[in-house]
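Chains as they are written, first to last, in our numbering: chain A, 1 to 317; chain B, 1001 to 1317; chain C, 2001 to 2317; chain D, 3001 to 3317.
Hints are computed from structural coordinates only; laboratory data are not their basis. We put the CB at the ideal spot given by N, CA and C, even for glycine. Please note that the accuracy of each hint is not assured.
[Claimed, not checked] Here are some of the chain A residues that sit facing chain C, going by a computed Cβ distance under 10 Å:
(1) R55
(2) T74
(3) M75
(4) L76
(5) T78
(6) D81
(7) A83
(8) L84
(9) A101
(10) S134
(11) E135
(12) V139
4 protein chains.
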Amino acid sequence: MNAEEAIAEAARTYSNWGRWGPDDVRGTLNFLDEAKRVEGARLVRRGVSFSLSQRFDMDGPQRGWRRRTNPVHTMLDTGVDAALGNQGFPHGIGGADDVIAMPLQCSTQWDGLGHIFDHGMAWNGRRAQDVVTSEGDLVTGIETIAGVVAGRGVLLDVAAVLGGDSGGELPDGFAVTEEHLLATAEAHGVRVGRGDIVCVRTGRLARARREGWGEYAGGPSPGLSFWTAGWLHRTEIAAIATDTWGFEVRPNEFENAFQPLHQVVIPNMGLLVGEMWDLEALAADCAADGVHEFQLVAAPLPITGAVGSPVNPVALK
Amino acid sequence: MNAEEAIAEAARTYSNWGRWGPDDVRGTLNFLDEAKRVEGARLVRRGVSFSLSQRFDMDGPQRGWRRRTNPVHTMLDTGVDAALGNQGFPHGIGGADDVIAMPLQCSTQWDGLGHIFDHGMAWNGRRAQDVVTSEGDLVTGIETIAGVVAGRGVLLDVAAVLGGDSGGELPDGFAVTEEHLLATAEAHGVRVGRGDIVCVRTGRLARARREGWGEYAGGPSPGLSFWTAGWLHRTEIAAIATDTWGFEVRPNEFENAFQPLHQVVIPNMGLLVGEMWDLEALAADCAADGVHEFQLVAAPLPITGAVGSPVNPVALK
Amino acid sequence: MNAEEAIAEAARTYSNWGRWGPDDVRGTLNFLDEAKRVEGARLVRRGVSFSLSQRFDMDGPQRGWRRRTNPVHTMLDTGVDAALGNQGFPHGIGGADDVIAMPLQCSTQWDGLGHIFDHGMAWNGRRAQDVVTSEGDLVTGIETIAGVVAGRGVLLDVAAVLGGDSGGELPDGFAVTEEHLLATAEAHGVRVGRGDIVCVRTGRLARARREGWGEYAGGPSPGLSFWTAGWLHRTEIAAIATDTWGFEVRPNEFENAFQPLHQVVIPNMGLLVGEMWDLEALAADCAADGVHEFQLVAAPLPITGAVGSPVNPVALK
Amino acid sequence: MNAEEAIAEAARTYSNWGRWGPDDVRGTLNFLDEAKRVEGARLVRRGVSFSLSQRFDMDGPQRGWRRRTNPVHTMLDTGVDAALGNQGFPHGIGGADDVIAMPLQCSTQWDGLGHIFDHGMAWNGRRAQDVVTSEGDLVTGIETIAGVVAGRGVLLDVAAVLGGDSGGELPDGFAVTEEHLLATAEAHGVRVGRGDIVCVRTGRLARARREGWGEYAGGPSPGLSFWTAGWLHRTEIAAIATDTWGFEVRPNEFENAFQPLHQVVIPNMGLLVGEMWDLEALAADCAADGVHEFQLVAAPLPITGAVGSPVNPVALK
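Just chain A, with the same shape it has in the complex (with noise of 0.2 Å):
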């Protein structure tokens, strides 16, 4: 089967437009419920925290690909300014300001809905241009969730569990496969369910820490396998992310072919991924206490009409 084929037949057998009605801008953030988010905080035991995000800075992995650069920080006022008193405030007030530019989609971030397009169709049925003109995405924006991602999270440490002697890192061009996420799950003792937020430790990021960043952003990389997207519909789960930069396996399964998964699960499914998560320290964790479950809060940034965001993932334990 060839790429055409195979995606099509996917994004026909998984998807889910018209499943939460016709207005619907949430997708598969719709089986992350009130009970869900209540099971999550149940989670929290010890009370230890983790940030999930990578730093955000020009040492980034960014080379400009599709035009994404690091985030570009500078000072519009400092204590160095403040120091020398030439800022014109009163009774020895001083302070510091900044500003930031930077791609949405250059570190750690949720892709929205309205990320990616199949054939010119957006999520749930929608024309892309009539979604994500040159305004924004004015249908699907990031701001539309910017409540509800709290819940359950799992961490499936595939790399850990399957790594064998690389040490807790898989190598480029390796496809996590449904049965790879079973074994890890089994391993792990934890389940996966209905509203959960999946978070798949590949070790790509452990790598690039060791050998510099290379093309971990838009380059070869493991990840999921084209045909866990059966599994991603089948489990209803309302979230997926991963430590690297475009969450499925690279170069893609089929030849010439450019990120069919995302193809079939963004426009077609309605799943929220998350992409470049820092998961080392949960995961160094999880394995201390064999604890794979957690409570998840990862909020975007609320930037009206984004097609992404990044955001800091915090779990709980």
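Position chains B, C and D against the provided structure of chain A, taking the given hints into account.
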């Protein structure tokens, strides 16, 4: 007592310098411990969640004061391009990417500990020029608290309790005193304790939404009285946030003064301050169910060296 | 005649499509030839020079219309840092660097030929979607005219000649007609010819400087009448520039119309249009010495794919 | 002699502090007078023109050194949107707008007089901290020279004259001495005099175009010898520009030194320095017709308070 003297006395009396050792970068967030995080999580009973963030877009309140602008969000690729098929991708996949440029103080935010100085000194007794240079905050950058701001939140809806005929909106220049805070807590039947994150609603944002932004960002406002410094210190709260641009009352309570409470609480007390939070929906819910405590997760975007960060705080009940 | 019909007729009558071959990207700049450049240079007699650019800073006229903001200029390093010696350089050298973010249409500018379309068509009969995508202007980007905009400039100070009691400032809504242009040229004793760059002063900028920006950028304004299209075509000028935001009169001369003259002259005639030029000092000098012609060098910043560019035009007499 | 001593001696010997009064903000541009502007204009004989600017885009040479990035150009509106008719304009008009974010030192540029300091002192004996704060250059901002940089240009194609077998490209580390400059001028049959703008071609840009950018922006390079400071002072030129990132030779001629010639000529001599100019087409033309002098108009973008500016210099012959 004039401003200089009052600030100096309060700074001395309520200083936490050295309290958590010479290397501390967290200030009062040290009060937010693991037990508090567990306590916060246990407040999630119904599974409802609220984003306490304003939207980030060009229709925001900034007018150029201190060179603060509203966010500028632009697209690198759109659904319109995807629909016309000129993106160069195979098998019908299309994509949209975007970019943002914004001051970190433009909307819902945390002030980092490097945001304000007192006579050239920063948090914990460091020299301002050694902390915040043109390269950013080298010591107390907002990334240092990436994972810790999750715990118990308390809403003090001062406007609802004391606003009288104003319909839940305090007027500009209204100084919220310790007595007001205590009366509000009593009316709500909620206690404020060590390690809590206190959210004070003045109704200023509600007014701006009715009347237009006007001088919402930088002008007259209700807010905390300078004389609440003792209460802020004594209660050992971890953080405080309001629905106003500058958290304290404007005009300030001294002649020719500028944000004297900032000068006391940020560099001297080490208090985390949140500004421009949107407490409207949460306040309505608290009024309805009579419960003014909740889990609050308010993780800043970990921008290396930033003296503040946009944030999407999430309250869970 | 309604706007649609008038525009269609003018577009047809004054079209230059194909005049310089199917691959042309310069439009009427083709009229600016080497002889004209020599002629321009010979006008430099006294050696005086004038910048015709407004300043680029946050105190500019933009208020967010069409998401246009004023430039944001921030420092990467400062003299304050250098003075404190914390920059890490040897032997006492210190440095300052800076950054800018701005819309290319925010202040003194050239409109590129990809800035305006007529019924989906761009200059020389190309389809708009084939010319300007989210990647920028792939055909007529402003970089294509990086070296050519130098020649003979002519100032037509319509405000001085026709402004009457207004003190050299035309009122908003004043449509400058062909008759006004001819009368002004005659009063100045200057001729306008093929390949010239014509600068029309309306006094709108002078008024904004007296009264405050108000709606200078996007609001009512004096400017060229729609019916000058024939004169603009017949004279075979290379370019035209005004001291207003939009070069043509606002409100436009048709009901519910928006910049109909742009629609005729940019995509159909291929005319280079300059906006928000500062003609004040030059006009004063021309009035003083009675010479309204000069060398004009107005090289856009060659930003690849830009549909316009900030410019600092220099007039030499 | 070590770097400290050599710099101190050169700074003292070649200082122009006070030469044009205590309020001066133009430095050696004072040598570029009206007579020189007329002389420059008279050099326009054939009417040919050359842009000496590199293109401003993401494919530029910057790699993050000193937080310098390449320009990021994004669209606010496109022809694709216009073609689909979703812009909301009447009568078939469509438009495209765009935005840029860039360091002012990223490509072809002028260094302003506030760009470099010597032991905390700026041009004309001012304290660096009084000149360039986080608000920008309050005294010698690039806008102060908006209208004056137009005069006689001279090309010294050192690479063509001395490059030998290298094909007109000097190697990295090649220090261009006074003798080299004099020999080149003699070979060209051109004189350099007071008020001229001298363009020195090393072939470094040509090499980068052949080999890829590599370390073009910040790395090893041919360039002016530290010991040309006397010649730069004695000739009383108005400005100098090269086709390299930093105008002087790298590595520098002292151990552990960093741009010592900058330290002498910018804050002490008050010399305007241009960097990353594209002299290729002009050099070819000069080689062909044997004329190495021309009119040069190189007006910086008048960004208020900027310590430098992108520029599109135009040479006219």
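Verification of the supplied hints:
With a least beta-carbon distance of about 19 Å to chain C, the hint placing R55 (chain A) at the interface is violated under the 10 Å criterion. At about 4 Å, the closest approach between the beta carbon of T74 (chain A) and any beta carbon in chain C falls short of 10 Å, and the interface hint on this residue holds. Checking M75 (chain A) against chain C: minimum C-beta separation of about 7 Å stays under 10 Å; hint holds. At a threshold of 10 Å, the smallest CB-CB gap from L76 (chain A) to chain C is about 6 Å, leaving the interface hint in force.
At its closest, the beta carbon of T78 (chain A) sits 7 Å from a beta carbon of chain C; the interface hint therefore holds under the 10 Å criterion. This hint holds: D81 (chain A) has a C-beta 5 Å from the nearest C-beta of chain C, less than the 10 Å allowed. Interface hint at A83 (chain A): satisfied, since its Cβ lies 7 Å from the closest Cβ of chain C, which is below the 10 Å cut-off. A least Cβ separation of about 6 Å between L84 (chain A) and chain C falls short of the 10 Å threshold, and the interface hint therefore holds.
Among the interface hints, the one on A101 (chain A) holds; its C-beta lies about 6 Å from the nearest C-beta in chain C, closer than the 10 Å criterion. For S134 (chain A), the interface hint holds, since its Cβ comes within 10 Å of a Cβ in chain C; the closest pair sits about 7 Å apart. For E135 (chain A), the interface hint holds, since its Cβ comes within 10 Å of a Cβ in chain C; the closest pair sits about 8 Å apart. Proximity of V139 (chain A) to chain C is violated relative to the hint, the smallest CB-CB distance being about 18 Å (cut-off 10 Å).
Checked against the numbered hints above, the structure violates hints 1 and 12; every other hint is satisfied.
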